[in-house]
Each structure stands twice: as structure tokens, then as C-alpha cells.
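All chains, full assembly: derive it from the sequences and hints.
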Amino acid sequence: MKTLIKAFSIVSLLFLVSCDPDDITGGENIEYLLGQPEIAGTGCEESRVRVSDDGKSVEMETESLTVSAGASFKSLDRINCLVAVPITVPSNYKVAVLPATFVGKHLLQEGAVLKIGSESFLAGQSGQEASTEIIGKKKGVFSLGTEEFKDASVSKCGEDSTLRLNLRIYLRSKNKEAASIGKIKGLAEGENSIFKLKFIKC
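So for the sequence shown, this note's numbering puts the first residue at 456; every next one is plus one.
Among the clues, some could well be false.
Taking lysine-lysine pairs in the DSSO-like style, the calculated list, with each CA pair at most 27 Å apart, reads [what the hints assert, rightly or not]:
id	residue 1	residue 2
1	K656	K549
2	K638	K570
3	K592	K549
Derived CB-CB ranges, DEER-like [said to hold, decoys possible]:
id	residue 1	residue 2	range
4	E486	E632	57 to 65 Å
5	K611	E632	51 to 59 Å
6	C657	D509	31 to 39 Å
7	T617	E584	15 to 23 Å
8	K631	T543	17 to 25 Å
9	R533	S581	19 to 27 Å
10	S530	D508	43 to 51 Å
11	S598	D508	26 to 34 Å
12	D606	P541	17 to 25 Å
13	A643	R503	20 to 28 Å
14	G645	D615	27 to 35 Å
15	K611	G591	40 to 48 Å
16	G613	A633	54 to 62 Å
17	A526	N484	48 to 56 Å
No lab work stands behind these hints: they were computed from the structure.
From the three backbone atoms N, C-alpha and C, an ideal C-beta is built for every residue, glycine too.
Take a look at the structure:
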């Protein structure tokens, strides 16, 4: 069954910005709207992104975010998935974008290298990145996230923008006997958004 991820949930990270905690909100009572999402990239060919009826959440399938290398596959496989969603921001608020934590699984043969990365940001800006690398004969799960938020992307006051997510997976294996596989399954337990939004009064 395909994994559906609920996007844009409420978060509470009061240390993100240097301002009074009373001026920070997760968006519970804020009139913001999300527009029609767009997707691109080799890893999104079979994915589907949908905005909810109230215009404040998004569902994304991760079934196609899988790489395979070695054996009957090519020795190198890489995919990426880019999601863009317009956001309308109220005139007296800024919005900050924080990275979600993704989880996945891997089955690697001797000599294989798996690299996974993500970046969450606003259009025209750079954002917070997360990355992980797994090398050698290993089987298990991985987590892709970060506790660092110093590079979080923040809009100007009342400025409409576009939320962007870039997911990247790279796998290299020259093993001719058995294949190596890596896959993003979804979000970590306790998280239900591919973007975390924080609104700051201005």
C-alpha cells in the first residue's frame, strides 16, 4: 500500500528565531493557504501530491523513492524528487520552513555506497539541509534529518512565496552477484509533515 504523508503539521520549536515566544505560532489560527503543488525529478515520476480541501495540508506518496544497483542493475543509480507548493502568507507574519525527518531502509552489499539528502527552503533562498551516508555490507534502517535549524529559510513580512523540498538518493555498487537497494519509506514516527511551518509576527 502506498505511503501517504500528511504535510504542514503544527510544530513547536521556540528556539528557531530570536524573538518573544508569544510572537511565534504553529499556524493554528492563521489564515494561510497552499496552492497547487508541482513535482519534478526522476524519483517523482510515479508520485502524487495533493492539497487538502482546506488548502492547508498536502499528501505525498513515496513509493517511487527507491534506488537499486549491482547484479542485473546498473552499477550506479541516482534519483531526486522536487516538490513546490505556493503559500499565501498573512500581511503581519513571516513564515519559516524547517526540515522534516525521513526514514528508510537499505540492503547493501560489500563495497556499496548509499547517500541520501534533503533540503527544505523557500523559493529564491537556500535552506536547512540534512544528509546521511551508509557504506559497506549492511542491512537496516536509516534516518534523514537534523536538529540544526540555523539555516532555516524565512520569508519577508507578509510575503507570499513557494515552499520547496528537494530529496536526493544516490547508490553505487559494482557487486555482480547481488543487488543493493535503498528506499525512503516516509516520515519518522511522531512526524506527519514533509514541511514544518513556523509563523512569526512582524
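Between the beta carbons of A526 and N484, is the distance compatible with 48 to 56 Å? Hint holds: Cβ distance 54 Å, inside 48 to 56 Å.
Using the C-beta atoms of R533 and S581, is the stated range 19 to 27 Å upheld? 21 Å, holds
Measuring from beta carbon to beta carbon, are C657 and D509 in 31 to 39 Å? 24 Å, violated
For the pair supplied as a hint, K592 and K549, confirm whether the alpha-carbon distance does not exceed 27 Å. Status violated; Cα separation ~46 Å.
For the pair we were handed, K638 and K570, check the Cα-Cα distance against 27 Å. Between K638 and K570 the Cα gap is close to 11 Å, so the pair holds against 27 Å.
Using the Cβ atoms, figure out if K611 sits within 51 to 59 Å of E632. This hint holds: roughly 55 Å between Cβ atoms.
Using the Cβ atoms, figure out if G613 sits within 54 to 62 Å of A633. 55 Å, holds
G591 and K611 - C-beta distance against the hinted 40 to 48 Å: Cβ of K611 to Cβ of G591: about 46 Å, so the range 40 to 48 Å holds.
Take the C-beta atom of K631 and the C-beta atom of T543, compute their distance, and say whether it sits inside 17 to 25 Å. 53 Å, violated
Is 26 to 34 Å a correct range for the gap between the Cβ atoms of S598 and D508? 32 Å, holds
Does the beta carbon distance between A643 and R503 stay inside 20 to 28 Å, or does it fall outside? Given about 21 Å between the Cβ atoms, the range holds.
Do T617 and E584 keep their Cβ atoms within the hinted range of 15 to 23 Å? At roughly 18 Å between Cβ atoms, E584 and T617 fall inside 15 to 23 Å, so the hint holds.
Going through the hint list in order, the structure does not satisfy hints 3, 6, 8.
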